[in-house]
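**Student:** The residues making up each chain are set out below.
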Amino acid sequence: MNLYVLLKMVPDTVEELNVAADGKSLDAEFLRFKLSDPDEYALEQALLLKEQHGGSVTVVALDAPEVDDVLFTALAKGADRAVKIPIAQAGLGTVAAARVLADFLGSAPFAPDTLVLPGSQAIDDLEGELAPFLAAALKLPYVGVVCGVTPANGRVTVIKEFAGGLRAEFDVTLPAVLGIQSAEKPPRYVPVAKVRAVMKSAQIETVDLPPPARPGQLEIERTYKPEAAGRAEMLEGSPDEVADKLVDVLAKISVI
Amino acid sequence: MANPILVLAEQLRGGLADITFEMLGAGRALAGAAGAPLYAVLLGREAAPLAPKLGRADKVFVADHPQLDLAPAGAIAAALKSVMDQVGAGLVLVGCTNVSSGIGSLLAAKTGLPLVNFCRGAKAEGGALVFTSQLFGGKILSDVKLADGRGIACIYPGAFPADAGKSEATPPVEKVDVPVEPPAVVFKKYLEPEAGDVDITKQSILVGVGRGIQTRDNVQLAEDLALALGGAVCASRPVIDQGWLPLSRQVGKSGMSVRPRVYLALGISGAPEHWEGMQNSRCIIAVNTDPKAPIFDGSHYGAVCDVLELLPVLTDKIKARKG
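One line per chain: the protein sequences are A and B, in this order. Mapping to the numbering used here: the first sequence position 163 is 163, numbers consecutive. Mapping to the numbering used here: the second sequence position 7 is 1007, numbers consecutive.
Among these hints, one or two may not hold up.
Example chain B residues on the side facing chain A (calculated, C-beta under 7 Å, incomplete) [what the hints assert, rightly or not]: (1) V1099; (2) L1141; (3) K1175; (4) V1178; (5) V1185; (6) V1186; (7) W1244; (8) M1256; (9) C1283; (10) S1299.
Subject to a maximum C-alpha distance of 30 Å in a straight line, what follows is the list of computed DSBU-like cross-link-like pairs (lysine-lysine) [unchecked claim]: (11) K1202/B to K50/A; (12) K1081/B to K1110/B; (13) K1202/B to K252/A; (14) K1317/B to K245/A; (15) K77/A to K34/A; (16) K1189/B to K1175/B; (17) K1292/B to K34/A; (18) K24/A to K1110/B.
None of these hints come from the bench; they were simulated from the model. Model, not experiment: these values are computed from the prediction. Cβ atoms here follow ideal geometry from the backbone N, Cα and C, with glycine treated the same way.
For reference, chain A alone in the conformation it holds in the complex:
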């Protein structure tokens, strides 16, 4: 199969996020970036498909802090080709990002067994998710919230999540765009030493494309942190002291 995985960097929400002086964007100074979680699974799903059914995996990313490390890691995990488009992802927005990525992916006709696999969504998808915009731009079928992909007879059977643990199977014509939520296995681990070795032996291809005419279409009035309206009554102290207080709380609400 001809597999494309689109990798997007997002701020690590474990770190504190602050609003920039413009009151509209995030303060970039102390942001630490990581690969968007669903994209980790998209990569894993692609690698599993390659192992089981053959083919090649191309990972594609726009320019963002620490993205080279992520691309090399993908190569170390088993991706065959890594492509970086040197257009900054920051401030681009989903619509413009989809246009750039569609320019790259659509530059040549697709092989009939092509799957384009973005993550199902990202935590900063203010303008919408990448996968459907990409599917629209490439005029390909789309399914989102996908947690399983099985090829059969030139098509794929995909599993989509609904709610309450309910899932459903869909039959999808190829080529197609699938928004991946999770894979059949957790993302594989790759030792740092292997990534370092790949950094020495492999190359990230750079593909120049014209920047989109209209980045970030939405008119953001204000960006802010939520007011902690119903903030919890905080129990202070060491783990031992917190445990004592929690036991009292549980007794108070008659749980013990």
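Once you have looked at the hints, place chain B on chain A.
**Tutor:** Leaving out everything else, chain B in the frame of chain A:
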């Protein structure tokens, strides 16, 4: 009169999802402020009989084509675009749910209208509309203005009260014809939820674990606590995706919605996808090392603490208290 507001009624297996009524309530308020009519759209043969339940809308448009039952997002977006064009709609509300995933974005791509995702708030300001979007796992909010009131908003479940979208009134129903193309994505079958050993929706005490539990082995610490409390262990998505607990224990958007007497959220940051599934718990107790974790904003009690240090001590103290 301003352009009509459309709500895409969301249904699954012959029932309307709560999000439908939540959007009708939100849409009613916006329509009132803008002086616009509010219309609901029902797509599919299975959906058509549900029209009388949408009395909060001024009218319900029904396209009862069988190919729109469990249709892919692309077919739904094409049908919705056709209804938009037929009624001259300016704003469309779509659920930010797994069922409706991608419909809003595909409609935005088809119409060229702006889309505001992850909406938790909405208000009218003159002819403009301002939507509040919840970003970065609930840590940041952005107010986004649609200056001419035209666009698509994806509405988070639980953000607006469902009661405001319910009415005993019988709405006028109008059939519409929409284009239906042979689909490239075809529904095959449902995969029913695994029964699992424990039904977490029926438990009165739940010990929920998230990323903070760190390893598969540490899940046992939560099991010990649940045993001491007479409850069960459940988890947020990262723990399930790692395979540390079965799917039947997942709480949140794709998993179960629970409302126990007490929900202990241990090492769970409180991303909107998880919050959606446990927000109606009677008492929420959150423990997390990150003092800024959004989980604390909606919990009743909280502690900034490493769950791995807390768990064994807490279990011992509970056992001692129970005697």
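**Student:** Under 7 Å is the threshold here; is the Cβ of W1244/B close enough to any Cβ of chain A for the hint to stand?
**Tutor:** violated, 9 Å
**Student:** Let's test the interface hint: is any C-beta of chain A closer than 7 Å to that of M1256/B?
**Tutor:** holds, 6 Å
**Student:** With 7 Å as the cut and Cβ atoms as the points, is V1186/B at the interface with chain A?
**Tutor:** holds, 5 Å
**Student:** Check whether the Cα positions of K1292/B and K34/A lie no farther apart than 30 Å.
**Tutor:** holds, 19 Å
**Student:** Would the hint on V1178/B be counted as holding, given a Cβ-Cβ threshold of 7 Å to chain A?
**Tutor:** At about 18 Å, which exceeds the 7 Å cut-off, the nearest Cβ of chain A leaves the hint on V1178/B violated.
**Student:** Take a quick look at whether K1317/B and K245/A sit within 30 Å of each other, Cα to Cα.
**Tutor:** Roughly 10 Å between the alpha carbons, so the hint for K1317/B and K245/A holds.
**Student:** Interface hint check: V1185/B, Cβ to nearest Cβ on chain A, cutoff 7 Å. Holds or violated?
**Tutor:** Status holds, d = 5 Å.
**Student:** Would the hint on C1283/B stand, with a C-beta cut-off of 7 Å toward chain A?
**Tutor:** This interface hint holds because 5 Å falls under the 7 Å limit.
**Student:** Classify the hint on L1141/B as holds or violated, based on whether any CB of chain A lies nearer than 7 Å to its CB.
**Tutor:** Holds - the Cβ of L1141/B comes within 7 Å of chain A, reaching about 5 Å at its closest.
**Student:** Is it true that the CA of K1202/B sits at most 30 Å from the CA of K50/A?
**Tutor:** violated, 41 Å
**Student:** Would the pair K1202/B and K252/A pass a check requiring their Cα atoms to be no farther apart than 30 Å?
**Tutor:** holds, 22 Å
**Student:** With the threshold set at 30 Å, check whether the alpha-carbon distance from K1081/B to K1110/B stays at or below it.
**Tutor:** Roughly 8 Å between the alpha carbons, so the hint for K1081/B and K1110/B holds.
Checked against the numbered hints given earlier, the structure breaks hints 3, 4, 7 and 11 and satisfies all the rest.
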